Amino acid sequence: MTFLQATCLVVVALLGTLVVFTRDPLRQAAVTGIFGLGLAALFLAVQAPDVALSQIAIGAIVVPVLVLLAMAKIREHDE
Amino acid sequence: MSLLAYLVAVWLFVVGIYGVVTSRHLVHLVMCLSVAQASTYVLLLGIGYRKGGQAPIFGDIPTSTPVVDPVVQALALTDVVVGATVSALLLALAVQAHKRFGSVDPDELNALRG
Amino acid sequence: MRSFVALAALGVLGAVLVVAVTGLEPFGHYPGPYGDVLAKVVPDERHTGQLVAATVFDYRAFDTLGEEMILFAAVCGCAALLRVLRSEHAGEGAPGRPVPSFAARAMAAALVGPVTVLGVYVIVHGHLTPGGGFSGGVVVAGALLLAYAGGQGLRLRRVGSITLLEGTEALGAAGFLALALAGLIAAGTLLKNFLALGTSGMLLSAGTIPVGNVAVGLEVAGAVALVFAEFLEQALLEDPE
Amino acid sequence: MALAGLAVVVPLVTAALLAGTTSLHARRVADVVALTAAAATAGLCLALVIRSSDHAIVAWLGGWRPRGGVALGIDLYAEPLSAGLAGFAALLTVAGLLVAWHQVDTAGHLFHALVLTFLAGMVGFCLSGDLFTAFVFFELMSVSAYALAGFRVEERAPVEGSLSFAVTNSIGSLMLLVGIALIYGRTGALNLAQIGAALGSHSPDALVAVAFALVTCGFFVKAAIVPFHFWMADAYAVAPTSICLLFAGAMSELGLYGVARVYWTAFAGPLGPHAEALRDVLLVLGLATALLGGVMCVAQRHLKRLAAFATVAHMGILLCGIALLSHAALAGVAVFVVGDGLVKASLFVSVGALEHRRGSVDEAALYGRGRELKALGTVFAIAGLALAALPPFGPFLGRAMIEDAATKQGLGWIAPILVVASALVGGGVLRVVRTVFLGRGAVPPRHPACREAVAEETDLERGRTPWPTVVTGTTLLVLGLAWGLVPGLVDAATHAAARFTDHAGYAASVLQGAAASAPAPAGEAPTAAAWLYGLASGVLAIAFALLRTMPEGPLRALHSGRIGDYVAWTAVGAAAIASVFALTLA
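Protein chains in written order, with our numbering: chain A, 1 to 79; chain B, 1001 to 1114; chain C, 2001 to 2241; chain D, 3001 to 3586.
Don't read these hints as lab results, they were simulated from the structure.
Predicted model, so just to flag it, every value in this text is computed and none were measured.
Any given hint could be a false lead.
Pairwise CB distance ranges (calculated) [stated by the list, open to error]:
id : chain 1 : residue 1 : chain 2 : residue 2 : range
1  : D       : G3069     : B       : T1063     : 20 to 30 angstroms
2  : C       : H2029     : D       : Q3409     : 40 to 50 angstroms
3  : D       : E3524     : C       : H2029     : 49 to 59 angstroms
Idealized CB from N, CA, C, for every residue including glycine.
Only chain A is shown next, with the shape it has when bound in the complex (with noise of 0.2 angstroms):
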């Protein structure tokens, strides 16, 4: 295992943690991206350059803005 290789994943770890443990949805919708960024990062590392490039349109921007769009209706509804 390259060293590389190993910081990826123990950024993956604690960012992972970090997702579940941020309970506002609106900043952990932005570790979310940080998370999916650091998955892609760790793809690349394992030479998966398809993943990767999959993980960051999806992983890393689909799902963050569905969750930000989401958020967007669930607020307004509170105010």
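With the hints as your guide, set chains B, C and D onto chain A.
Just chains B, C and D now, with coordinates in the frame of chain A:
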């Protein structure tokens, strides 16, 4: 060290489900689920990795080069898309839940008791 | 109480999983044989060096077909779950929403071209380089949304744009299915390659793999844009109360 | 050869066409097109059953045949049992679409498109010879099902039910996927036959035992085996009637089909020597599910939840049949799935009809209000007796075959427990006949979930039941009753089950393309003891129906409706099953 990738996968799986159990917000719950989902990507790609292997694309490298397993990458690609679709559906349900009864706390959704 | 039960259960489950993964080959020692056999046969049989694309669009194309249909079903599901009920029509058009400034709209319109080119480039080179229909499709969806923001502002109207996206999405899904059926008609087996394999490394090579990439790209672009549009519409909808 | 692929592709193409034209709002055209596609799928599956009656059909998609024992591509594997189950799902889809003929809101053609992707997922899952492909189509089925369960978004309960359905089942899918990844890490294979060959008959270690446990748990979530069953009543009580019958008649059963398929193709080699330990674990789970489902069924006042818990109880009986790990018991399971599926589907249609006529599914609110609905009451009564496994109907035959197989293995003591479970289910349904249709005996208390006004599901006035519903409900019931009287059924089912459980024959036909010489054991008609058990459960069901007070205890409090609780139970179940398997099988 040789187990680190697998241990990280197990950790993400467990912590993601713990997040789902303790979540008090449906949107938060969806993202915890995606953390648990991520464990499967890490596990799959970890299994298919080969020390010193190149990405499985013979473009500029000769076809005799050792490469990592392309199959797990195909599976992970599918998995990423499946995970996102489930997230989208759950978010749509969360939006409707909020519209119908003004709450996104999973513990308040208990019209169906017993 | 519940979190303690869950902690205990997940602790046990995690411990059992840790015991199980110690039975795997150590990290970095992929045991094969599936991936190794593919690495040996793909360059000759499929005239492409992109092993992942060959796996996704040929050897395991049926998985991709199923996955496309999951995406398709999820989009239908989101559209159904977020459908605008008759009682809610009052909010359509959402007056009082700020319309983006001319500068922002011009900027968005200017970006549409380059982003589309990038997305299409990623899709059509999917059998040569990393990328392909999945990531390229998301980029194209981004371009569609930019075009939307540039052209109309955020005054979303159901008729027109969404119907168009629904058409695109269904076309992509139908495209991949048509590719599968074409293999049956032209080569006698579902999903079998029926196009010339060409020269490895050329844009028009690898038989049906690039065609599959294009179909997936269309489907993903339509699906992502459609789901965004559905959520956006909900966010702009006025409440029935 | 192309038949198997077409059975999956036909509903998918139709779904894409319907979704692409949803803005045309051609409702009747969509109804007819979707019905035609579902009927065509059923026909294709029937053709597969007939053509695979001598030897299995193995279709290698893309033409990638295995080389040197390594599967390069994906195969669809059709034999009478797998194709038959796919065909049964297609048949129920036809019934569901007929019931939906008068459903008021279908969101353009989206409802039809989702029903067809749901069907394609079930067919693909049944026919898949590859573990990951099975997962993909399992997900296709699930994703469509989440949307269909929550389809009536204008009400509160469907949104809640669909949420707990989607969250718990997504976690089930995750466990399944982790199990698949572990198996791939060991064998480097995804094809079921190749996995079986790679695992060989090596003694299983913790990895193999845990991988099998995770795959099993993933399927158990869908099959609603205790303690993974909580979501089921919530989801089934809220889905449109047309979807309920598909869920209860086909989707749950596919979870157990997955366990059986994976065990006999991939794991029978390594786990065979530990079959007794495995049998004991599965039997405990099956009996617990059967009894809990039965008790909860009798305790319900909400009629759709009552029918849902009937499904839970019957999943327990089916799991007992699979747990015996013998072809004779599996034949009984196959017979039970069809007979029970038809009767239960008819019950759900009847509940939907009652809801339409009287505007409620609350037993208390309906007390005595069904006196004029004599035909509907008769259907309820016959369905109740059939679900109690009264001879000679379809469910009886299946349960009798399971009981006889158990007695042969020296496990005759499980038969009385199955009798009680069936009787509880039948008793619950028959009590509804007593209160709603006869207006006799004690008035049940109201159920809190029933207070909410039920929105009208159909576009007709309450004066009469829509004719497609009447025709479908009656036909399903008649078919379910007649199923037990089909001549030669026991032999055919035993033969099919013997082939399904033929571990070596499966591997040979997939990897070497050999036309495996199928073993053809003769089936045995139900023994006198089984007939007595059948009669006893009928009588006991009537006795349960006459009981005044129903248990109202801590069991119901466990079914809290909270997603967090359900997921915690899922974790508990997975932890327990995985550690027991790791300790006893490895």
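The hints, checked one at a time:
no.	hint	result
1	D/G3069 <-> B/T1063: 20 to 30 angstroms	23 angstroms, holds
2	C/H2029 <-> D/Q3409: 40 to 50 angstroms	43 angstroms, holds
3	D/E3524 <-> C/H2029: 49 to 59 angstroms	51 angstroms, holds
In the structure shown, no violation is registered for any of the earlier numbered hints.
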